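Spelled out, the chains give:
There are 4 protein chains.
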Amino acid sequence: MLKPVDKNVLAQQCAEALFRHDRVSADLGICIVEVTPGHATATMEVRNDMVNGFDICHGGMIFSLADSTFALAANSHNLVAYAMGCHIEYLRPALKGDKLTAQATEMSRTRHTGSYVVSVINQHEKTVAVFHGRSSTREEPLIPKQGLPESHE
Amino acid sequence: MLKPVDKNVLAQQCAEALFRHDRVSADLGICIVEVTPGHATATMEVRNDMVNGFDICHGGMIFSLADSTFALAANSHNLVAYAMGCHIEYLRPALKGDKLTAQATEMSRTRHTGSYVVSVINQHEKTVAVFHGRSSTREEPLIPKQGLPESHE
Amino acid sequence: MLKPVDKNVLAQQCAEALFRHDRVSADLGICIVEVTPGHATATMEVRNDMVNGFDICHGGMIFSLADSTFALAANSHNLVAYAMGCHIEYLRPALKGDKLTAQATEMSRTRHTGSYVVSVINQHEKTVAVFHGRSSTREEPLIPKQGLPESHE
Amino acid sequence: MLKPVDKNVLAQQCAEALFRHDRVSADLGICIVEVTPGHATATMEVRNDMVNGFDICHGGMIFSLADSTFALAANSHNLVAYAMGCHIEYLRPALKGDKLTAQATEMSRTRHTGSYVVSVINQHEKTVAVFHGRSSTREEPLIPKQGLPESHE
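Chains as they are written, first to last, in our numbering: chain A, 222 to 374; chain B, 222 to 374; chain C, 222 to 374; chain D, 222 to 374.
Keep in mind the hints are simulated off the structure, nothing from the lab. The structure presented is a predicted model; accordingly, all values stated were derived computationally and were not measured. Here a beta-carbon is modelled for each residue, glycine too, at the ideal position from N, C-alpha and C. Any given hint could turn out to be false.
So the derived label-pair ranges between C-beta atoms look like this [stated by the list, open to error]:
{"no.": "1", "chain 1": "A", "residue 1": "His333", "chain 2": "B", "residue 2": "Gln344", "range": "29 to 39 Å"}
{"no.": "2", "chain 1": "D", "residue 1": "Asp227", "chain 2": "B", "residue 2": "Gln233", "range": "53 to 63 Å"}
{"no.": "3", "chain 1": "D", "residue 1": "Phe275", "chain 2": "C", "residue 2": "His333", "range": "14 to 24 Å"}
If the Cβ cut is set under 10 Å, some of the chain B residues that face chain D in the computed set are [to be verified]:
{"no.": "4", "residue": "Met305"}
{"no.": "5", "residue": "Gly306"}
{"no.": "6", "residue": "His308"}
{"no.": "7", "residue": "Thr334"}
{"no.": "8", "residue": "Arg355"}
{"no.": "9", "residue": "Thr358"}
Please take these sequences and the hints and turn them into a complete structure.
Here you go:
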C-alpha cells in the first residue's frame, strides 16, 4: 500500500499525465498550482480574446477553467474519471485582466461516481462562480503501472 | 407594435449585434444557422485543438457552443439577457471532426428571468449533450432604437 | 418485437408498477394522466399542508411532482431506471389551490443513462418550474416477464 | 451595528421565524440543529411513508431536507431570500430508518443573490446527496424591527 506522502506524489503525476494531452487547457493558459488526492487548484488570466465587447469574460471560459480543475481533482486517485454533468452559477462578472483561481474539493466518492465543488475566485478573493461536477469512474488506472516510481511498489 | 415577421428580423439583428463582439464564439468557429424569437440554432466543428489525447472533445468546448446558442435565444427579444447559471449533461463523447449542432428553445420567460433548454447533436443526429440555461433580463434594449430598421417603427 | 401500440401498453403497466409502491406520490395526491414511451404527464394540487405562511408552495413539493413524473418517463421502457441527479429552476410561485401539471419528455437515452426535461405549469398554463433529470438505467426489467400480457410475446 | 455574538442570535431567530409557518418541514420531521450566519444544520429520519417498495427513500424527500436547510442558511442574515433554482446529485440510497443530517454552507453572497452547498450524510457519515442552491435576496428584513431584542439596537 502506498503511504500518504506517496498518494500526493501520485496525484501530481496524474495531473501531469492529464494535462500533457489537454491542448484546450494549455491554449487557455490554465496553470496547475497544486493537486492532492481529491483536491486541485488552478489559475487562468482573463485575456483579450476571452472577453466580449464589454470586456466581460465569456461564460464558457470560466466554465472551462472550473471544468479542468474538476478533472484534475477527479483523476487524482489514479483511476480514469470523466465528467457526466456539470452545473455552474455565476455570481460576479470576470473582467479582462482578472486573475482567476479555481479550487476543486471532493465532496464524496463511491466506486463508480464522484461529486466535486469548485469555487472560482478573482484576485480580490471575490467569488466569480461556483461549479458542481459529477464524475463517472472507471476501474482503470490513469497512469499504467510502469509509470509509477519503482521505489514505491 | 411589430408584426410577427418583424420580430424575426429583430431576432436576427440581435444575434448579429451579440456575435459582433463575441471573439470567443468566433475563435471556436461557431456559426449561427437561424435565430427566431426564443429559438436559436448554431454549429461548431470539433477541431484538432479542441480534443484531448484520446481525440475526445473537451467538455468546456461543448459547453461553450451550448452557452453561445443559449445567449442567442435569450437575447432574441431585444432585451439584454445574461447567464445566471447553466447545467450540462454529457450523453455521448464528441470526437475530432464531429459537426455539432446546438438548438436552443425557450421554456419560459418572465419579466426578469428566462429558462432555456439546448440540445447538442452530432452529424448522426445523436445527442451529445443536454444543456439548461437560466437568464436574467434587464429592461434595456440590446440594439439602441436608432439601430432598428426605420420602416418598422 | 413489440408493435408500437404494445409499447404504449407496456409504458402504462410500468407506470402502474412504479406507483403501486410509491407512497410519497400517493400522499402528495400525484395523479398519472398519461404515460407513453419516454413521456409522462402527472398532476398535483397545492394543498394547505404544502404551503408556507405566505400560501406559497414549498419548493420540495414542486420538486417531488417533477421528480415523480421524471421517474414515470424514465421507467416507461420497462428497464429499471433511477435518478442520479436533478436540477430545478423556479420561474413563478405556485399558490395554495393551484392545479399543477408536469410533463416529462425524454431528450436522449443511451444504454446506461437518460436525460429528461420536465415542465411544471399551473392551471393558467404558466410555467412554474423547469426540471432536468438524469437517469441511470439497469439492464433489468421493471415488470418481470410473467407480468407482461401473454398475447404480446 | 450588531456584534458577532448577536448575529448568531439573529440567525437563530430567523430560523425560528422561517420554520414557524413551514408546515412541510414540520410534517417531514425536519429538526433544526444549529443555525449561524450563512450556515445551517438540520436532521430528518427516513420514515415508512418516505420510502418506496424497496425501502429506498423517495428523492423528493431528500431534496426537501436539503432545500429546507438551504433556506435556513440563506435567510440567516435577516434578509428575505427565496430559492431560484436547485441542483441535487444522489450518491448513495437512503434507507428506511436512516438518520440524515444536512449541512448547508454559504459559498458566496452578493447584494441580490447567494450560492449554497448542502451535504446530506447518513448516520454512518456517508454522503447520500450533494445539493446546490441559488437564492435571490430581497432588501427586506425577515423579522420586522420590533421583533429584534431591544437591548441590541
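Each hint tested on the structure:
For the pair His333 (chain A) and Gln344 (chain B), the supplied restraint of 29 to 39 Å holds, since their beta-carbon distance comes to about 31 Å. As the Cβ distance of Asp227 (chain D) to Gln233 (chain B) is approximately 57 Å, the hint placing it in 53 to 63 Å holds. A hinted range of 14 to 24 Å holds for the C-beta pair Phe275 (chain D) and His333 (chain C), which are about 20 Å apart. The interface hint given for Met305 (chain B) is met, as the beta carbon of that residue sits about 7 Å from the closest beta carbon of chain D, less than 10 Å.
The closest approach between the C-beta of Gly306 (chain B) and any C-beta of chain D is roughly 6 Å, which is under the 10 Å cut-off, so the hint is satisfied. A least Cβ separation of about 7 Å between His308 (chain B) and chain D falls short of the 10 Å threshold, and the interface hint therefore holds. Residue-level restraint check for Thr334 (chain B) holds (minimum Cβ-Cβ distance to chain D is 8 Å; threshold 10 Å). This hint holds: Arg355 (chain B) has a C-beta 6 Å from the nearest C-beta of chain D, less than the 10 Å allowed.
Evaluation of the Thr358 (chain B) hint against chain D yields a violated restraint, the C-beta minimum of about 13 Å exceeding 10 Å.
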